[in-house]
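Chain order of the listed sequences is A and B.
Going by our numbering, the letters in the first sequence line up with residues 26 to 367, in that order.
Going by our numbering, the letters in the second sequence line up with residues 5 to 594, in that order.
Be careful, since some hints might not be right.
Listed below are the simulated DSS-like cross-link pairs for lysine-lysine, each with C-alpha atoms no more than 25 Å apart in a straight line [said to hold, decoys possible]:
#1 B:Lys286 <-> B:Lys249
#2 A:Lys259 <-> B:Lys286
#3 B:Lys286 <-> A:Lys278
#4 A:Lys278 <-> B:Lys135
#5 B:Lys320 <-> A:Lys165
#6 B:Lys537 <-> B:Lys555
#7 B:Lys235 <-> B:Lys286
Think of the hints as simulated: they come from the structure by calculation, not from any bench.
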Amino acid sequence: MAILRYAFYRFGTMLMTLLVVSVLVFAIINLPPGDYLSNQIAELKASGQSAGVAKAEFLRKEYALDRPIWEQYMIWMGFMPGPHGFSGLIQGNFGWSFEFDRPVSEIVGDSLWLTVLVNMAAIVFVYATALPLGVIAAAKARTWADYTSAFVGYLGLATPNFLLALILYYYGRKYLDIPIGGLMDPAFEGQPMSWAKIQSVLVHLIVPTIVIGTAGASAMMQRLRANMLDELGKPYVETAIAKGMAPSRMLAKYPLRVAFNPFVADIGNLLPSMVSGSVLVSVVMGLQTIGPTLLTALKSQDMFLSGFVLMFVALLTLIGTMISDILLVMLDPRIRYEGRDA
Amino acid sequence: MTPLLSVENLSIGFGRDEPVVRDVSFEVMPGQTLALVGESGSGKTITCRAALRILPKAAQIRSGRITLNGEDGPLALNQLGERQMRSIRGNRISMIFQEPMRSLSPLHRIGNQVSEVLWLHRGASERQARKAVLEQFERVGFPDPERAYNSYPFELSGGMRQRAMIAMAMVAKPDLLIADEPTTALDVTTQAQVLGLIKELQRETGMALILVTHDLGVVANMAEQVVVMHKGRVMESGSAAAMLKDPAHPYTRQLFDAAPEIPDVEAVGLPMPQDDLILEMKDVSKTYTMRSGRGWQADKLIHACRGVDFRLARGKTLAIVGESGSGKTTAARIALGAEPPDPGGEVLFRANPEAAPLTVHDMSRAQRTAFQRQAQMVFQDPYSSLSPRMRIQDAMTEPLEIHRIGTRAEQRDKAAEALERVGLNADMLKRYPHAFSGGQRQRLSVARALMLDPAMIVCDEPTSALDVSVQDQILTLLEELQEGLGLSYLFISHDLAVVARIADEVAVMRQGLVVEQAPPETLFHNPQHPYTKALIAAQPEPDIDRPINLKLVALGAGAPDSWAEAFRFTDSVIPSLVEMEPGHKVRCHV
């Protein structure tokens, strides 16, 4: 029950953090002088196209850009009625992209869940490779197994992602017939979900997962190895051996459990670094994730679009940290019982 | 009778180095206790670990044989395969380690960790194991076995954890228990109780015991046979009774002479003079607030010190004795000005007899700097109190640099002088701390404290991390310095025997309160408080005719509400210190 209460409390703090983040995000997208529309109006006026000016002026009113900044924020979030009543982020209206002249929700659309999908796959890949490799490297410290995994790990860490992407695409195509680029066959884009579409997405996911996950996996593997080595020297490990446990069971039950904490705590850090780190990779690999969208939106000062994307990334991060905090509390009684009367 | 375990000509070495254990032989009879005695580096721990084959990776058994004689004939332990060895560990031979704080996994429940032995060796189901473990918990003295079963190690005290370790080692009913310094990390009354428990369990089950220890007092209380080791070799072995009466080997005799003892005194001691006080603590209390971290729980108040009055005369030694958590270190920190006392308390310091007293916690900047020069500290752990990256010379001259005293050459001369004063050579100044042994490092710490010509030194358990022979040397050094320089010591210790030697007055603390205060002779001749009596009784003496009196220990070591009516105190009702005879105060209701 204590865990449920903690989860509830943690969810509350996450919402509070999100609120603070929204203020920061809004401040950041409003930092550059002017906004998309006023820049456009200035441009149109200079070239004497009054019809366009009228439309832009209309849009300024429509999106309350003529109001004071704090009101703009309240309207954007949906805390205050705008020109069309309550219609902000919390009501599910993500705003209008001036650059693309379409609602933000339409532009990001598919890429939202594709981003989540790609990053989840990458995280699963990170954990699935780092866990066994890290444990083996620690248990067989200073043997060829350790050195080989360290070598491969550093190679992964040092190779630029886009280069790795190109290499994998080339050989994947040549030997395994893995499709190049994108996250699904173009034929399925915009189509409703179907078994064939899922299959296509899965096949397309292989290379991006490896490319995005490799660096994280090798860093995490080294961290796990170091943690494990620290734990292996502790007296409780000796106790377990003196009990007559077999090495593999002993490793899994005792030192790994303790070395696991930082491993779990990293989920929160992993998410944002992957989302922002994968922008370049997404551009190179033609992935329809949110990364490239963010890039264009920021370049053209498309404030509602970039604001929404930033909020989305922040949300992912916060959810990641929340999950890892709750997992930690479940895993480690020392955290769970802190402050309890002994 | 065939011995249960016999070790013949055992040699163990690391890599290509000289062996660290050479030609060691001994035998353990069924049901008997053998003590392996030695100082750090003597090879006693590695010898006993060889029986379970849990040696460090780089160590190998070079030669010799270890044989376990069980019901099914002799087994050569040094030749068994890993798999067979596993069925011996925890089953036929089990082991208890030194640090109960770290020897249990912090993330698994105690019950799970203990039951595991039965799952492994008896193929017991969860229910069967649980039943057996609960019985064992009851046996080792857990007041509530169910609760202990579901506890995590960090919820238990050190003594309780060591009981859990004992339960784990005993639950499979092994033929041989190896206990590697099982009580060294515990308070003295807890040590007495744990030793008593091991002895009792041994009598019940008839298992043999190898007890690794550095403490001859523990040997006298526990062992039938003794093997004394030094630098990897056996110096002397034989029956405990004979050896303790008349040690044959010079090394054994040396160990005996160094072991501190509570003296058998006939007379009362002289009270500390009161005319020239260097330090005076008046009604000093310290309360910490432990935040519950949750809004709906009240914060907890911890009374680290309650109404402490100390008066330290110039050139004398006041010892504060108590177990962990008794408030002795807090009192010393307040005396040094490292922490302020609660309002109402006052600490006065007189640098010299003529000077006006300074209030330690209300000083100007200049006064504070001067005070810091006159009051220095020597810490417990000589390994972590010297920076490994600083040459001795830099570590020694640093205080002078901070206080801007002297030129570089003068500082260096001063450091050389201080080194010679503590019995080291001036040419050691260029070395780094790792080049020194534990005892030498503690000499360095003392030398560093002397650099500013202090009038008072606070010694926080300065010898408890050291071997007995080294402890002896450091105590002698402190005595010589006091005589030569007229230093005053505030000496913190958990060991009454050490204090017996060096103190002019002893204050026994328990739960932040001074329960008894007297000159050491008076205290040992005529202890009044049940807790003091328990401390004295729990001290293991290297004399086979003076075993630990567990009854006295039990009477005084428990919580204050288990004491006799006259001495009880609660958070709200605290009896005051009553002067029974000149200089002898006891906290009791009159």
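To see whether the hints hold, each was checked on the structure:
Of the supplied pair hints, the one linking Lys286 (chain B) and Lys249 (chain B) is violated, its CA atoms being roughly 47 Å apart against a limit of 25 Å. The straight-line distance between the Cα atoms of Lys259 (chain A) and Lys286 (chain B) is roughly 44 Å, outside the 25 Å bound, and the hint therefore fails. Of the pairs offered as hints, the one joining Lys286 (chain B) and Lys278 (chain A) is violated, with about 53 Å between alpha carbons and a cut-off of 25 Å exceeded. Between Lys278 (chain A) and Lys135 (chain B) the alpha-carbon distance is near 23 Å, which keeps this suggested pair within the 25 Å criterion.
For the hint pairing Lys320 (chain B) with Lys165 (chain A), the CA-to-CA distance comes to about 57 Å; that exceeds 25 Å, so the pair is violated. For the hint linking Lys537 (chain B) to Lys555 (chain B), the alpha-carbon distance of about 10 Å falls within 25 Å, and the restraint holds. Our distance criterion of 25 Å between C-alpha atoms is broken by Lys235 (chain B) and Lys286 (chain B), whose separation comes to about 50 Å.
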